Amino acid sequence: MSTSLDMPTVPSLPRVSSMRQKVAAAVPWLGWISLAVLLVLPVLGGSRYLVYLGTLIALQAALATSLNIVMGYAGQFAMSHAAFYGFGAYASALLVSAAGLSFWAAVPLAMLMAGVLAALIGYPALRYTGGVHLALITFAFGELARLVAANWHTLTGGPMGMRVMYAPAPLLGMDFSSSKGLYWLAAGMLLACLLVSVAIQRSRFGRGLVAVREDETLASFLGINVVGYKLAAYVISSMLAAMVGCAYAPIMNFISPELLSAHETISLIGVLILGGIGTVAGPIIGTLVFFGIPEMLRVARLYRLVIVGVIIVLVVLFMPKGVAGVLRDRVERWKRGVA
Amino acid sequence: MDLIQTLLDGLMVGGLYATVAIGVTLVFGILGILNFAHGQMVMLGAYTAFFVVSSGLGFWPALIVGMVAMGALGLVLERLVFRHVLTDHMAGLTASLGLIMVIEHLAAAAFTPDPRNFDPPLPGSFQLAGLTLSSQRMLVLGLVVLLVVACYLFLQKTRIGKAIRAMGQNRTGAALVGIRISQVTAVVFVLGSAMAGAAGVLYGSLFAITPYMAAAPLMKGFILTVLGGLGSVPGAVVAGFLLGLAESLGSRYLSASFRDGYGFILLIVALLYFPRGLFGGRAGLRV
Chain R
2 MSTSLDMPTV
12 PSLPRVSSMR
22 QKVAAAVPWL
32 GWISLAVLLV
42 LPVLGGSRYL
52 VYLGTLIALQ
62 AALATSLNIV
72 MGYAGQFAMS
82 HAAFYGFGAY
92 ASALLVSAAG
102 LSFWAAVPLA
112 MLMAGVLAAL
122 IGYPALRYTG
132 GVHLALITFA
142 FGELARLVAA
152 NWHTLTGGPM
162 GMRVMYAPAP
172 LLGMDFSSSK
182 GLYWLAAGML
192 LACLLVSVAI
202 QRSRFGRGLV
212 AVREDETLAS
222 FLGINVVGYK
232 LAAYVISSML
242 AAMVGCAYAP
252 IMNFISPELL
262 SAHETISLIG
272 VLILGGIGTV
282 AGPIIGTLVF
292 FGIPEMLRVA
302 RLYRLVIVGV
312 IIVLVVLFMP
322 KGVAGVLRDR
332 VERWKRGVA
Chain Z
53 MDLIQTLLDG
63 LMVGGLYATV
73 AIGVTLVFGI
83 LGILNFAHGQ
93 MVMLGAYTAF
103 FVVSSGLGFW
113 PALIVGMVAM
123 GALGLVLERL
133 VFRHVLTDHM
143 AGLTASLGLI
153 MVIEHLAAAA
163 FTPDPRNFDP
173 PLPGSFQLAG
183 LTLSSQRMLV
193 LGLVVLLVVA
203 CYLFLQKTRI
213 GKAIRAMGQN
223 RTGAALVGIR
233 ISQVTAVVFV
243 LGSAMAGAAG
253 VLYGSLFAIT
263 PYMAAAPLMK
273 GFILTVLGGL
283 GSVPGAVVAG
293 FLLGLAESLG
303 SRYLSASFRD
313 GYGFILLIVA
323 LLYFPRGLFG
333 GRAGLRV
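Protein chains in written order, with our numbering: chain R, 2 to 340; chain Z, 53 to 339.
What the hints contain is simulated information worked out from the structure, not anything from laboratory work. It cannot be assumed that every hint is accurate.
[Stated by the list, open to error] Which bits of chain R does chain Z cover? Going by a derived footprint, with three or more residues having C-beta under 8 Å, they are:
1. 31-38
2. 193-205
[As the list claims (entries may be wrong)] Heads up, simulated SDA-like pairs for lysine to any residue below, C-alpha to C-alpha not over 25 Å straight-line:
3. R:322 - Z:235
4. R:322 - Z:202
5. R:322 - R:181
6. Z:209 - Z:189
7. R:336 - R:50
8. Z:214 - Z:204
9. R:23 - R:216
10. R:181 - R:114
11. R:181 - R:304
12. R:322 - Z:139
13. R:23 - R:37
14. R:336 - R:98
15. Z:209 - Z:188
16. R:181 - R:23
17. R:23 - R:334
18. R:322 - Z:169
19. R:322 - Z:242
20. R:181 - R:202
21. R:336 - R:202
22. R:322 - Z:132
23. R:322 - R:202
24. R:322 - R:98
25. R:322 - Z:214
26. R:322 - Z:307
27. Z:214 - Z:185
28. R:23 - R:336
29. R:322 - R:167
30. R:322 - Z:225
31. Z:214 - Z:127
32. R:322 - Z:222
33. Z:209 - Z:190
34. R:322 - Z:138
35. Z:209 - Z:180
Predicted model, so just to flag it, every value in this text is computed and none were measured. C-beta atoms are modelled at their ideal positions from N, C-alpha and C, and glycine is treated no differently.
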């Protein structure tokens with residue numbers, strides 16, 4: 002280490018120009034405006050393909066946003082997200098087609114069941130620090146759920162999957178039977194997940210989760226109920242996954258056990274890592290990049306997933322904060338006038 | 053008679069699970085990396101054996117080639133990826149998830165999803181004390197016990213085995229007494245991957261080989277890693293045999309279609325009441 006005499010060891014605080022602070026404060030708003038534009042774009046475009054693509058991306062972004070609550074804020078590795086997504090799809094489809102409930106009654110019911118299930122799985126695993134137990138138990142649970150869906154022929158139709166023949170009833174003057182209507186359903190799911198995510202981030206609960214993520218022991222010293230907080234984050238995130246799953250069924254008209262496979266969760270984790278884990282914009286940026294690039298490359302599905310895997314490994318090794326994390330750091334530094 | 057046969061079957065399957073679990077628990081206990089791609093090594097080991105046996109070399113070379121090839125792959129992955137994420141649980145886990153996607157889908161592209169089989173070295177069955185025993189299953193049971201004992205002796209008796217255990221207890225302390233951490237890391241990874249390769253060859257000699265076969269053994273391996281106590285090799289082995297017995301008794305006398313569920317129930321019960329596992333190596337810290 003060389004020392005230079007004329008350089009002060011502690012850098013004096015640079016004078017922060019108020020202009021820079023205002024511009025930096027406007028960045029999140031810029032993000033929200035671009036999101037609004039992106040959401041409206043597929044409908045205005047008029048191309049059926051664009052509406053379909055928009056629906057898929059909105060669903061994936063909603064899932065990634067809900068997974069971000071437990072992984073990004075609470076720092077717990079939940080491998081069961083796709084299982085709850087599939088659970089929501091199967092549960093709502095069965096409630097509608099077999100039990101005769103309306104779609105809007107089936108959604109909260111499916112979410113409630115998912116919440117109870119998540120609490121039963123999460124409690125034994127989350128009592129220990131480190132998060133490894135949760136990763137192990139949720140992976141095993143996800144595989145078990147997939148096997149149940151594939152083998153319970155009378156209920157789920159087995160590995161051949163299940164046809165879904167209903168559209169959600171009109172709500173608040175919105176008609177959900179057309180492809181555009183279903184797009185708005187998916188977009189609504191994304192907005193609901195974002196709303197919950199932002200509300201959590203700004204609340205005392207959210208700050209508590211971040212404290213738990215950074216240091217569980219220290220958090221418990223601060224009077225935070227560590228197990229309760231982790232469990233609440235896991236349950237909320239799983240319930241939101243089930244909610245998005247409810248929308249999946251009428252949109253795709255088809256559910257198969259593959260929906261519950263660990264690969265779906267791995268893709269979502271890749272989306273989070275790439276976009277920036279623990280940020281509001283990260284899951285959405287990650288989804289756009291993840292699904293946008295392969296869509297542009299027009300490669301076969303098989304190689305798409307290989308590319309996804311390579312991206313995950315490279316991002317972990319070279320850009321662990323993700324796109325949104327890097328952007329945030331840049332804005333922060335610029336605001337302080339360092340760069 | 054029926055009971056004894058079921059028990060032997062359970063021991064055989066349990067031994068296979070244990071062979072997978074040893075690799076997972078070694079890499080996790082010593083290096084702190086939860087390697088989800090371990091199951092893919094099992095799958096690649098099975099394919100290696102399939103191609104070696106198909107080329108006419110026979111089962112025994114296949115077993116050796118499978119172990120060596122997977123050990124080499126483990127070395128490559130350790131040098132390229134895992135050594136850079138050693139101290140970070142979450143980064144290591146995520147990187148291994150990325151590797152799953154790459155390995156599994158490349159395997160599906162290269163080998164096609166069709167299930168494959170190769171001829172076991174000992175076809176047929178033999179009679180012993182009134183029992184009809186499948187020769188290949190008994191051979192697998194014998195090989196599994198051999199592998200487990202060899203692995204145990206390696207860790208207990210050899211110099212490098214002692215270095216591995218020292219590193220598992222305290223990485224900094226091990227470095228201070230002159231153990232070359234990066235070398236030991238590589239050895240652990242190679243050893244774990246070779247065990248996965250061996251498990252794959254044995255799996256392949258009994259069951260169908262597909263690019264997607266990795267999930268079930270990996271799930272069992274994880275369950276055993278927790279059941280045996282995170283990072284404890286003897287714990288993983290004992291838990292493996294117990295799980296095999298539970299599954300085979302459960303599917304014989306309760307319900308066969310719920311076979312994969314028994315292990316999961318064991319896991320939940322263990323986490324609730326025996327959180328340190330059977331041989332509680334690294335106690336879960338509670339807050």
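How the hints compare with the structure:
1. 31-38: Our answer is that it is violated, as 0 residues pass the Cβ test (under 8 Å) against chain Z, missing three.
2. 193-205: Since three or more residues must qualify, the claim that chain Z covers the segment 193-205 of chain R is violated, with 0 doing so at under 8 Å.
3. R:322 - Z:235: violated (29 Å)
4. R:322 - Z:202: violated (43 Å)
5. R:322 - R:181: violated (35 Å)
6. Z:209 - Z:189: Given that 25 Å is the threshold and the Cα spacing comes to 30 Å, the pair is violated.
7. R:336 - R:50: violated (41 Å)
8. Z:214 - Z:204: holds (11 Å)
9. R:23 - R:216: violated (33 Å)
10. R:181 - R:114: The hint is violated at about 29 Å.
11. R:181 - R:304: Status violated; Cα separation ~30 Å.
12. R:322 - Z:139: Distance of about 17 Å is within 25 Å: holds.
13. R:23 - R:37: With a Cα-Cα distance of about 22 Å, the restraint between residue 23 of chain R and residue 37 of chain R holds, given a limit of 25 Å.
14. R:336 - R:98: Judged against 25 Å, a Cα distance of about 55 Å means the pair is violated.
15. Z:209 - Z:188: violated (31 Å)
16. R:181 - R:23: Violated, at roughly 38 Å.
17. R:23 - R:334: holds (14 Å)
18. R:322 - Z:169: violated (44 Å)
19. R:322 - Z:242: violated (30 Å)
20. R:181 - R:202: Violated: residue 181 of chain R and residue 202 of chain R sit about 31 Å apart, past 25 Å.
21. R:336 - R:202: holds (22 Å)
22. R:322 - Z:132: Status holds; Cα separation ~20 Å.
23. R:322 - R:202: holds (18 Å)
24. R:322 - R:98: Not satisfied, since the Cα-Cα distance of roughly 44 Å exceeds 25 Å.
25. R:322 - Z:214: violated (37 Å)
26. R:322 - Z:307: violated (47 Å)
27. Z:214 - Z:185: violated (39 Å)
28. R:23 - R:336: With a Cα-Cα distance of about 9 Å, the restraint between residue 23 of chain R and residue 336 of chain R holds, given a limit of 25 Å.
29. R:322 - R:167: Between residue 322 of chain R and residue 167 of chain R the Cα gap is close to 42 Å, so the pair fails against 25 Å, i.e. violated.
30. R:322 - Z:225: violated (31 Å)
31. Z:214 - Z:127: The hint holds at about 20 Å.
32. R:322 - Z:222: Violated - the C-alpha atoms of residue 222 of chain Z and residue 322 of chain R are around 29 Å apart, more than 25 Å.
33. Z:209 - Z:190: violated (28 Å)
34. R:322 - Z:138: holds (17 Å)
35. Z:209 - Z:180: violated (36 Å)
Hints 1, 2, 3, 4, 5, 6, 7, 9, 10, 11, 14, 15, 16, 18, 19, 20, 24, 25, 26, 27, 29, 30, 32, 33, 35 from the earlier list are contradicted by this structure; the remaining hints agree with it.
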